[in-house]
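Protein chains in written order, with my numbering: chain A, 1 to 228; chain B, 1 to 228.
Some hints could be false.
Stated by the list, open to error - FRET-style restraints, in silico, Cβ to Cβ:
1. His-30(B) / Ser-150(A): 58 to 64 Å
2. Asp-113(A) / Pro-79(B): 55 to 61 Å
3. Gln-92(A) / Cys-26(B): 40 to 46 Å
4. Pro-137(B) / Lys-82(A): 48 to 54 Å
5. Phe-87(A) / Lys-37(B): 33 to 39 Å
6. Glu-130(B) / Asp-85(A): 48 to 54 Å
To be verified - Partner residues are not named here, just some residues of chain B that face chain A (Cβ under 8 Å, in silico):
7. Cys-26
8. Gly-51
9. Asn-52
10. Met-63
11. Thr-70
12. Ser-73
13. Glu-107
14. Gly-181
15. Ala-182
16. Phe-200
17. Arg-204
18. Glu-206
19. Ile-212
I should point out that these hints are in silico values taken from the structure, not numbers from a laboratory.
Using N, Cα and C, we set each Cβ at its ideal position, and we do this for glycine too.
Protein chains: 2
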Amino acid sequence: MTSKKVIEVFYDVVSPYSWLGFEVMCRYRHVWNIELKLRPAFLGGIMQGAGNKPPGLVPNKFMYMMKDLTRSSEYFGVPLQKPSDPFEAMFQKGSLSAMRFVTAVQEREKGGDKQVEQVSRELWRRIWTEDKDITEPASLAEAAMKAGLSDSDIEEALKLYTSKEIKDKLKNATQDALNHGAFGFPMVVCHINGKPEMFFGSDRFELMAHCIGEKWLGPQPNKSAAKL
Amino acid sequence: MTSKKVIEVFYDVVSPYSWLGFEVMCRYRHVWNIELKLRPAFLGGIMQGAGNKPPGLVPNKFMYMMKDLTRSSEYFGVPLQKPSDPFEAMFQKGSLSAMRFVTAVQEREKGGDKQVEQVSRELWRRIWTEDKDITEPASLAEAAMKAGLSDSDIEEALKLYTSKEIKDKLKNATQDALNHGAFGFPMVVCHINGKPEMFFGSDRFELMAHCIGEKWLGPQPNKSAAKL
Numbered sequence: 001m002t003s004k005k006v007i008e009v010f011y012d013v014v015s016p017y018s019w020l021g022f023e024v025m026c027r028y029r030h031v032w033n034i035e036l037k038l039r040p041a042f043l044g045g046i047m048q049g050a051g052n053k054p055p056g057l058v059p060n061k062f063m064y065m066m067k068d069l070t071r072s073s074e075y076f077g078v079p080l081q082k083p084s085d086p087f088e089a090m091f092q093k094g095s096l097s098a099m100r101f102v103t104a105v106q107e108r109e110k111g112g113d114k115q116v117e118q119v120s121r122e123l124w125r126r127i128w129t130e131d132k133d134i135t136e137p138a139s140l141a142e143a144a145m146k147a148g149l150s151d152s153d154i155e156e157a158l159k160l161y162t163s164k165e166i167k168d169k170l171k172n173a174t175q176d177a178l179n180h181g182a183f184g185f186p187m188v189v190c191h192i193n194g195k196p197e198m199f200f201g202s203d204r205f206e207l208m209a210h211c212i213g214e215k216w217l218g219p220q221p222n223k224s225a226a227k228l
Numbered sequence: 001m002t003s004k005k006v007i008e009v010f011y012d013v014v015s016p017y018s019w020l021g022f023e024v025m026c027r028y029r030h031v032w033n034i035e036l037k038l039r040p041a042f043l044g045g046i047m048q049g050a051g052n053k054p055p056g057l058v059p060n061k062f063m064y065m066m067k068d069l070t071r072s073s074e075y076f077g078v079p080l081q082k083p084s085d086p087f088e089a090m091f092q093k094g095s096l097s098a099m100r101f102v103t104a105v106q107e108r109e110k111g112g113d114k115q116v117e118q119v120s121r122e123l124w125r126r127i128w129t130e131d132k133d134i135t136e137p138a139s140l141a142e143a144a145m146k147a148g149l150s151d152s153d154i155e156e157a158l159k160l161y162t163s164k165e166i167k168d169k170l171k172n173a174t175q176d177a178l179n180h181g182a183f184g185f186p187m188v189v190c191h192i193n194g195k196p197e198m199f200f201g202s203d204r205f206e207l208m209a210h211c212i213g214e215k216w217l218g219p220q221p222n223k224s225a226a227k228l
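My request is simple: use the sequences and hints to build the entire structure.
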């Protein structure tokens, strides 16, 4: 029996490509011989730290992204829908409080990452499917409730997420990503023979599979596997 | 018998990702039911026209690109090697004369695109494998010679490539790409039921195959096919 390869996925719920990458990695944790580590981090801090600009600021790129997301949504089986005002949602409102909340959920969760997985997914669903707010405490609570957290869990997470401890934890995760060379999200880091191999975006899975010696079965491996 | 889908690939030999995309499309022209149209164009004009900045100007992005190109080179079976001074090669020397020369070769070629394919490949090989110049007339002639053009063909192309006719032809191809929404290269435009579908980069082939109803067999389809 070979030991599992550790794979970290750095993401932010403001980023639609992060959602694609996140779902693919969550599906493959049951297909490949890997140990997946969810690494919620802050994309705004990455862009600033790397001196990068959001791709959506170039008009042709923005139009392409929206088209590409529509096509990818169907192909990946992830219900992406453009918010009515993507600029407001992505750049003005942003995701700092949402990612602090996810970090608080992760901090409190013991023995697994089911809660952090589900809460992240419900936040993506709010902003990228339902065109809803993800900045207000009530929004965070609603996402957590849909994710199946108990009332007391939600209450504790809401107390915790503005604490210095959580702010620092999110900063550190963001800095870890920058140290791996991040300039955007999603970023996947595969630890292969003690060496980190970084993959940016949600379009390098085929190459990633090749690098870790696994087989790529498309973004919906269970669907594909059933078809084979 | 269904009619072949027309696919245009817009590229510039200064762009290493264009080389990957170009080779993949040249391989798949014999695998998929498509009619491939090679569209040499000028990346500098695309970046200016779209108001985009080269990705290599963000340091983390540049480092990732170099790493990603090394991995992709092996996976795609395309001999990419970083030039000793990538910034000089890509941004200072650039590709305007090289792309005019390719355009002149295309203008003169009758009954196919073998010459334009081979000359493009030899220019990529010069800049992206052998770290050689692609701006001087002697460099262009050498690439064309390796591509199998006759002395008289080379002489004629060298006369033609600085003409207004060729300059305009390259400008028009670049404008066509911008009209399709380009913001970088490679850009592949698939004409599906009379509607153009644009794909940017060399990492959307799996999705492209899905959209045109063909099967993706990896970047080296003949190798994969042999393995199957």
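>> Next item in the hint list is Met-63(B). Is there a CB on chain A closer than 8 Å to its CB?
In response: OK, holds: Met-63(B) within 8 Å of chain A, min 6 Å.
> Was the hint right that Gly-181(B) lines chain A, CB cutoff 8 Å?
Replying inline: This hint holds: Gly-181(B) lies near chain A, its Cβ roughly 5 Å from the closest one there, short of 8 Å.
> Is the gap between the beta carbons of Gln-92(A) and Cys-26(B) within 40 to 46 Å?
Replying inline: 45 Å, holds
>> Quick check on a hinted range of 33 to 39 Å for Phe-87(A) and Lys-37(B), using CB atoms only.
In response: Given a distance of about 36 Å, which is inside 33 to 39 Å, the answer is holds.
>> Take the shortest C-beta to C-beta distance between Ser-73(B) and chain A; is it under 8 Å?
In response: 11 Å, violated
> At the C-beta level, are Asp-113(A) and Pro-79(B) separated by a distance inside 55 to 61 Å?
Replying inline: 42 Å Cβ-Cβ, so the 55 to 61 Å window is violated.
> Holds or violated: is the Cβ of Thr-70(B) closer than 8 Å to a Cβ in chain A?
Replying inline: Violated: closest Cβ of chain A sits about 11 Å from Thr-70(B), beyond 8 Å.
>> Does Glu-206(B) hold up as a contact with chain A if the rule is Cβ-Cβ below 8 Å?
In response: 7 Å, holds
> Given Ile-212(B) as an interface hint, is the shortest Cβ-Cβ distance to chain A below 8 Å?
Replying inline: With a closest approach of 12 Å, the Ile-212(B) hint is violated.
> Hey, does the Gly-51(B) contact hint survive, CB to chain A under 8 Å?
Replying inline: Holds: closest Cβ of chain A sits about 6 Å from Gly-51(B), inside 8 Å.
> Going by Cβ atoms only, is Cys-26(B) closer than 8 Å to chain A?
Replying inline: 19 Å, violated
>> Tell me if the interface restraint on Asn-52(B) is satisfied: Cβ within less than 8 Å of some Cβ in chain A.
In response: This hint holds: Asn-52(B) lies near chain A, its Cβ roughly 5 Å from the closest one there, short of 8 Å.
Checked against the numbered hints listed earlier, the structure breaks hints 2, 7, 11, 12, 13, 19; every other hint is satisfied.
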